[in-house]
Amino acid sequence: MSDAVKFIQGNVVCAEAAVYAGVRMFAGYPITPSTEIAEHMSVRLPRVGGKFLQMEDEISSLCAVIGASLTGHKTMTATSGPGFSLMQEALGYAVMTEIPCVIVNVMRGGPSTGLPTHVGQGDVMQARYGAHGDHAIIAVTASNHADIFRMTVEAFNFAETYRTPVILLLDEVIGHLREKIRIPEPGEIPLVGRLRTAVAHGVDYHPYLPREDGRLPMSDFGDVHRYNVTGLYHDMWGFPTEKPEVVYGLIRHLVDKIDHNSEKMTRFRKYHTKDAETLFISYGAAARSALHLVENRRKRGERIGLLELNTLWPFPADIVRETSRNVNFVLVVEMNMGQITREVKLAVENPRKVYLANRVDGELITPTDIQNIVRLIQGRGV
Amino acid sequence: MEKCRFLFSGSGGQGVITSAILLAEAAARYEGLNAVQSQSYGAAARGGAARSDVIIWDQPIYFPKVLQPNILICLTQEAFDTYQTTIRPGGYLVTDADLVKKPAFVDAQRVELPFHQSVMEQIGKPVVLNICLLGTLVELTGLVRIESVKELIRERFDPSFHDINLQALDLGAQLLKAHKK
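Protein sequence lines, in the order shown, are assigned to chains A and B.
Counted the way the working numbering counts, the first sequence spans residues 1 to 382.
Counted the way the working numbering counts, the second sequence spans residues 1 to 181.
Accuracy of the hints is not assured; some may be wrong.
Stated by the list, open to error - In silico EDC-like cross-links for lysine to aspartate or glutamate, where the CA-CA straight-line distance does not exceed 20 Å:
no.	chain 1	residue 1	chain 2	residue 2
1	A	Lys6	B	Glu155
2	A	Lys6	B	Glu147
3	A	Lys299	B	Glu139
4	A	Lys6	B	Asp58
5	B	Lys3	A	Asp361
6	A	Lys353	A	Glu277
7	B	Lys65	A	Asp361
8	A	Lys299	B	Asp58
9	B	Lys65	A	Glu295
10	B	Lys65	A	Glu277
11	B	Lys3	A	Glu295
I should point out that these hints are in silico values taken from the structure, not numbers from a laboratory.
All chains should be modelled from the sequences, with the hints used to inform the complete structure.
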């Protein structure tokens with residue numbers, strides 16, 4: 001048996017992947033069903049020279065993570081719905097100040113304290129629009145351990161590349177599920193490191209002056225350069241400004257740096273989509289149920305396929321449109337009232353052929369649940 | 001091989017979730033099989049209903065929950081009352097002779113064994129009840145080798161518990177052998 005093969009919970013996979021990606025600081029406040037991430041980090045980080053901080057709440061958790069990131073470290077926090085709500089203000093601050101970090105939200109049933117130990121996928125729109133003010137955001141997800149590892153590393157790569165907070169949306173089923181995983185060797189998955197400024201000590205450094213490729217080199221806060229960081233609209237020096245042209249330039253930059261690069265962030269998996277007449281679109285734990293049904297019905301010759309989304313924001317509208325072009329209907333499988341369904345309707349050529357298969361009672365949607373809805377749509381009755 | 005679905009049920013603190021993890025982990029890491037393990041529980045850590053789902057198969061496993069188990073393990077009367085009707089026809093219904101008293105009205109092979117009584121008489125520590133159960137399941141299913149489970153127990157638990165854990169594992173296997181005769 002290889003030591004690299006482990007049988008662990010999805011939350012622990014996420015924590016291991018974060019360490020692999022180079023995280024050396026975690027601050028958080030334990031909350032079900034994300035607690036195992038903090039628990040594992042508290043053991044792992046000190047062994048690799050990192051720091052683990054248990055904070056007094058989720059507000060301070062994300063603030064600490066943002067501050068530590070500014071000093072030059074890759075940083076992360078993990079929470080669930082109620083904590084994610086508390087983090088929205090700091091999330092917006094990280095967007096505005098362009099400080100990379102990763103926020104894991106292991107989704108449970110909501111709103112409010114909701115269903116602490118049961119699954120939900122109701123925070124998809126909160127991830128997109130929870131922070132006030134116009135902004136673009138990156139949010140990724142996964143449905144199995146290999147993908148949790150891969151998407152966690154990708155989350156850090158996106159955060160560093162685009163200097164922005166990235167949200168990793170897991171869910172209770174995936175976070176608590178144990179399955180086999182082979183931990184990748186160092187170097188197997190490419191890592192994006194911190195882009196640091198080449199400006200020397202004693203020379204003026206402009207913290208918010210993008211290079212030609214749009215990326216902004218950083219200077220470790222507290223090191224050789226003095227500069228200002230503010231949540232107010234700011235100029236290239238980082239000082240507050242109300243000049244309309246500067247304000248406009250900044251908001252366009254914040255939105256465009258993500259929207260213009262959405263193709264580079266689009267991650268998905270296709271299962272039997274080439275000749276599919278029925279297409280499922282799903283993500284997270286719900287995608288496991290959808291895939292279960294697809295594999296079973298394929299054995300009976302049904303032309304049925306699955307597009308599993310790993311990137312939710314920016315929404316991969318092109319892939320959704322192309323994959324659904326020739327199908328009879330699209331069934332979005334998710335555990336909420338249709339948050340991604342709405343995006344799919346906007347993306348496809350004929351929104352009337354898009355249906356929702358959901359379950360919002362704290363239980364994982366089953367292949368039978370989905371099959372029954374397929375039969376109803378086909379007019380065959382349950 | 002046939003897809004093997006286990007539903008472990010009992011009360012929080014009995015260790016049913018630990019036995020589920022050990023069985024699934026032994027299959028996944030030592031026997032080259034695929035396995036998934038999940039659990040559902042309320043907000044209480046002890047007392048209250050505890051349930052764990054395990055699927056072991058040689059093919060990829062997507063939907064990870066067990067709706068109809070081939071092997072249903074009930075360590076309390078409440079768990080038995082809740083889950084007995086979910087068992088697949090012809091499956092194994094594993095119960096403790098002291099903790100579950102009612103007869104089952106289902107098409108299943110009843111494996112009713114004195115786990116609790118035997119553990120108390122021969123080892124004297126109720127904490128290894130779940131390991132005793134695991135010994136029975138290893139013997140019953142043949143999915144994992146007993147050596148794999150022993151190796152996992154050595155890796156997982158404090159050395160001071162090692163001997164009584166192995167004792168409990170063997171006891172569980174012996175109970176089933178005696179039951180078959």
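Check the structure against each numbered hint from earlier and tell me which ones fail, lowest number first.
Going through the list in order, the structure violates hints 3, 5 and 10 and respects the others.
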